[in-house]
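All chains, please: the whole structure from these sequences, using the hints.
First to last, the protein sequences are chains A and B. This note's numbering numbers the first residue of the first sequence as 1 and each following residue consecutively. This note's numbering numbers the first residue of the second sequence as 1 and each following residue consecutively.
By construction, these hints were calculated from the structure, which means they are not laboratory data. As the structure is a prediction and not an experimental result, all values here were calculated from the model. Careful: at least some of the hints might be erroneous.
So, partial list: chain A residues that the calculated Cβ filter (under 7 Å) puts toward chain B [stated by the list, open to error]:
#1 F41
#2 S43
#3 D75
#4 G173
#5 P174
#6 L177
#7 H178
#8 H181
#9 V185
#10 D191
Using C-beta positions, here's what the derived DEER-type ranges look like [unchecked claim]:
#11 H129/A to D139/B: 37 to 47 Å
#12 R169/B to N73/A: 49 to 59 Å
#13 A45/B to R121/A: 48 to 58 Å
#14 T159/A to H129/B: 36 to 46 Å
Note that beta-carbon positions come from the ideal geometry of N, C-alpha and C, so glycine has one too.
Number of protein chains: 2
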Amino acid sequence: MRQFVVIGHDAPTTPEFSLDDLAGAAGRLDLLCRCVTSAFFLSHAIREDVRVHLVLADEYTVTFDGSTLRRLNPDERSTAALVRRALDEREEAIGHIPVETSPGVSLTRRGFEATLDDVARDGTVVQLHEGGDAVVDVDPPTDPVFVLSDHHDFGTDETAHIEAHAEQRLSLGPKPLHADHAITVAHNYLDTDGFERY
Amino acid sequence: MRQFVVIGHDAPTTPEFSLDDLAGAAGRLDLLCRCVTSAFFLSHAIREDVRVHLVLADEYTVTFDGSTLRRLNPDERSTAALVRRALDEREEAIGHIPVETSPGVSLTRRGFEATLDDVARDGTVVQLHEGGDAVVDVDPPTDPVFVLSDHHDFGTDETAHIEAHAEQRLSLGPKPLHADHAITVAHNYLDTDGFERY
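Following this line, the structure appears as structure tokens:
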């Protein structure tokens, strides 16, 4: 299982946003949607052994589970529609009990810390950091959990919480990447472990 | 210079498409737009030494040049608007002479073969192929030109034309990727050449 927790600091917490302005009024939901696409799509298949957790403004978390996911398309707009649909049922999300809002998509009323606490139980939390070990030099962790941020840097409290859980500190390369591109590179790193030629 | 030629088999050749249905009526323009984003965006910068050539239905080519590019945003919709604006001026595109339609974006009336013939003069054409040498084992080429396709496989004639130009045959990893994700992995491969730790 590979998991990605993505913090959307400015993301919407109600469904009253337009699909026509994801990068503006919807608080960079475009980027969060590309993270979902990067996490799940292969050329002609979905990666089933993946979960993505989008943390919306530290209030709700929308989780996509590849093993049961249906109706996911690669474009930003249709993914944003799944997030909007999840937020339609926010009144049903009580405490940490997930509400499935479409096949393989569920909503919980949890902020970042509670989400990471839960996810960390099932995997090895990896802190991506420019000063970390280069992935080319490190064997991939088992059941890795990568934590990423939108267009904002992690806040001080967020970083402290990641460091409290992190078992590894890795760098994906010498250039700072958008979160969705980091997910693609992380997958490639894990895919190519032991890959020489095939 | 790194260049990416992306074939959009079903892409529009007139500006009469809706920005609300890029994945449907606009012939998977969403994917081509994500290719542009993957090619240019770093976390807080644009890669200036990059060019992307979107081949639209073998009739027009829209070229994005990182050295002069302005007004590019990472979301699909705004990139699609730049493509639509380029097609607005298609009557001005005569022969292979480019028309600049917004800063760093130009349109030519060229199909895939003519575009690749021109681009190949400035670089080393790389064929991405599942049977190619694993990139982890190969030193990066100078001024690489990567050729990618949308959701369709390359046609027989397209493959023959790529092979006629290709100086290297590489595989980015064991999993077949969407074109935009392949661009991200290719950049990472080139970025990390000689990268051990920094």
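How the hints compare with the structure:
1. F41: holds, 6 Å
2. S43: holds, 4 Å
3. D75: holds, 4 Å
4. G173: With Cβ-Cβ at 5 Å, under 7 Å, it holds.
5. P174: Hint on P174/A: holds, closest Cβ of chain B at ~5 Å, below 7 Å.
6. L177: holds, 6 Å
7. H178: Since chain B brings a Cβ to about 6 Å from H178/A, closer than 7 Å, the hint holds.
8. H181: holds, 5 Å
9. V185: holds, 5 Å
10. D191: holds, 5 Å
11. H129/A to D139/B: 37 to 47 Å: violated, 28 Å
12. R169/B to N73/A: 49 to 59 Å: Between R169/B and N73/A, where Cβ atoms are some 31 Å apart, the hint is violated.
13. A45/B to R121/A: 48 to 58 Å: Since the Cβ atoms of A45/B and R121/A sit about 37 Å apart, the hinted range of 48 to 58 Å is violated.
14. T159/A to H129/B: 36 to 46 Å: Given about 41 Å between the Cβ atoms, the range holds.
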